[in-house]
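Kindly produce the complete structure, drawing on both the sequences and the hints.
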Amino acid sequence: MTGLPSRSEARLGPVTAQKPAAAMIEIDHVSHVFQTSARQDHLALSDISLTVADGAFVSILGPSGCGKSTLLYIVGGFVQPTQGMAKMKGKAIRGPGPDRGPVFQEFALFPWKTVLGNVMYGPRQQGVKYADAETQSRALLEMVGLKGFENFYPKELSGGMKQRVALARTLAYHPEVLLMDEPFGALDAHTRTRLQNDLLNIWERDRKTVLFVTHSVEEAVFLSDKVVMMTRAPGRIRQIVDIDLPRPRRRTELLLDPRYQEYVVEIERMFDDGDESELRP
Amino acid sequence: MMKRAAPFLACIGLLLVWQLASLALKNDSFPTALEAIRAIPTILGDKDSLINFAASLRRMAIGFGVAVALSIPLGLLMGRSRAVASFFNPLLMVIYPVPKAALMPIIMLWLGIGDLAKTLVIFLGVSLPVIYHSFAGARAVEEKMLWSGAAMGLSAAQRMIRIVLPAALPEILTGCRTGLVLALITMITSEMIARQSGAGNILFNALDMGQYDTVFAMIIIVGAMGIGLDALFERMRARLVRWSEPQFDIPLSFS
Amino acid sequence: MNTRAIASDLLLGVIPIALLVAVWQALVSFGYAPVTLLPPPGQVFLRMVQQLLNTTYQQEIAATLFRLFAGFSIAVILGVTVGLAAAVNPAINAVVRPIVRVLAPLPKVALYPALLLLVGFGHQSKILLVTFDALFPILLSTYYGASTVEQKLIWSAMAAGTPRREILFKVVLPAAAPSILTGCRIGLVISCIVVFLAEMITSTDGLGHVLVTAARTFQAVDMFVPLITISLLGLILNGLLELLRSYLLRGFPEV
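Protein chains in written order, with the working numbering: chain A, 1 to 281; chain B, 1001 to 1255; chain C, 2001 to 2255.
Hints are not guaranteed to be accurate.
As a list, the in silico EDC-like pairs of lysine to aspartate or glutamate whose alpha-carbon atoms are at most 16 Å apart [to be verified]:
no.	chain 1	residue 1	chain 2	residue 2
1	A	155	C	2254
2	A	208	A	176
3	A	91	A	26
4	C	2152	A	262
5	A	89	A	47
6	A	226	A	262
Everything labelled a hint here was simulated from the structure, so no lab data went into it.
Just so you know, these numbers come straight off a predicted model, no measurement behind them.
Structural data, given as structure tokens:
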């Protein structure tokens, strides 16, 4: 069986990619503590160190509450870690910016703007002239399959369509890194698979760096080059699994590919074992 | 601790601003805060004033009490019965925008000057928000709760009293709080319009007679009444509905 | 909305008014109320048309409307500004909160005599009273709307390159618009009521003054006319605000 790491071969901690690509994102001993409403301290993340190479599609996979979204928000600059630091291209991340574009599970579209208005927001913020921004945005909307819906308001769209708009809106300001926080979690299974395919097609075009948070093993394996498995809170990196499956990935082919199946099974088994070892005294 | 002291600090701050402003303006008709405060004991000590105050409070209490007693059942009934709602809704919608205190002269024409007219106006003013909030609260009660009650053998009347009423209580109490605010305002306003007795009357008498200290002292007293009543009501409300989630309907103030 | 729905809504809305008029007419015709105290609707309606065509009456309406608009506008500008500021800036919040908590339950109409003393008996005192009364619902609604803006909207805008100082205008304000406009609607109703009442208490012109004058001369018909006029004005203004609201909030999902 080629490419499938056994448990002993799987590595913990920073990972080096096969070709010497630049490190796009470095997460350096990040820990994060929350204060809950009950005035208690909640350790969400514990000593996370991770390197993400340029152009890599990396999934962060784990059960609910393991802090994976928090990790994403730290990379996004929305949250400052209580310990440690996140860096992009060597520079410390101090706040949000158009180099790291988020796509949220709740879509977070501006309800007072039309679809086109939402997508044009980023370019206009960058100072792009209205006419140019409009042309670019229309092209983007066509690419995500929403031609004809430019003048609709978000409330008139289905969940899947809203997420397409959210994706287009983020792509419109050309971020080098895409931060996706369980973007398909609020959608039904059918729409989810469609959007997974569409996401890969779009990603193939310019191969941005992607950090993709999910709790679905199949989704993680299908989409990514690397799966970062996290433990329950306090979140630590349990294992990093290289996914050595050829691209472009087609769902119909992959579902029948035994290597895909083995990855999924292996990862699920690792989670189960890990859970047991946590439960064992 | 700072948070609890904050409203008191705000009071003192406002009084300070007043004091400084009146000193700066040196206007005869604008007494300083201290002068106004000094006039308060005189007012409270005066027998006539106390009779006026008592009359005001009595009217307010009766108007509020009767309004609440009648409005809550009506609102609850409207909330659970479409027929009752369709019957009363249009009527209430027409009455709502009319300022109740403005009805004073007309009511006075019919009922003469005196307690009845003013109490009636307070009654009308309080009824509407209480009816509306009881209606909204009753309507929002989950059907399934009532089905459970019916399954347990409760009659329609029992369900109303033992399920709908408690469930709608947070909303009802919000309505009562609005009603209380309106009762105070309507009381003062009606007394300012139909000058015969009451706090509003004292205010304008003092204005007419040039006793500006008294005017401003009365404002402080009435203001204190308003704040005091509201605070008391809030305390009672919080205790009665400790179990409910915070209400954000029309924010009356920071809770 | 299709025309049938709109038509049936209108019809439904007319029925209560028609009913009320019918009851009114019945009371007069069947002798339950003497004509001097409750004139028949027909007479009132005729008088109203007469007055509306009368330039003096039109001037009274203009006076009332002017004060209403002035007071309401100031309340909107002040309320939205302070509400937004308090929502985004903790220091301002700490100062504003206690002040609002103290002033909100205070019956602002009690301040009216003070206003009369300070700024005279003309337009200003009424405009200021309207402002004080309409301010708080607008401020509180703005504050509530601005402080409950979805965090991810702000994050999305920041990631798209919006600098922090622009977030207030580009995200918080539009996102809080539904809440702000609800507060404005309440503020408008309050403005209508307060301006009328203030004119009833002391004024030389305006609709409230017309009512009080008619009361003094026992002209029942002339008492109804300004009352109905202010109610109609309130309904029209509210309708206009609703139209503005539906336009501004056309993208927002219905609540």
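Status of the hints after comparison with the structure:
This hinted pair checks out: residue 155/A and residue 2254/C have alpha carbons roughly 9 Å apart, not beyond 16 Å. Annotation: proposed proximity of residue 208/A to residue 176/A holds, straight-line Cα distance about 6 Å (limit 16 Å). With a CA separation close to 9 Å, the supplied pair residue 91/A and residue 26/A stays within the 16 Å bound. Restraint check for residue 2152/C and residue 262/A: the C-alpha separation of about 37 Å exceeds 16 Å, so the hint is violated.
This hinted pair does not check out: residue 89/A and residue 47/A have alpha carbons roughly 20 Å apart, beyond 16 Å. Taken as a hint, the residue 226/A and residue 262/A pair is honoured in the structure, with Cα atoms around 15 Å apart against an allowance of 16 Å.
Violated hints, in rising order: 4 and 5; the structure is consistent with all others.
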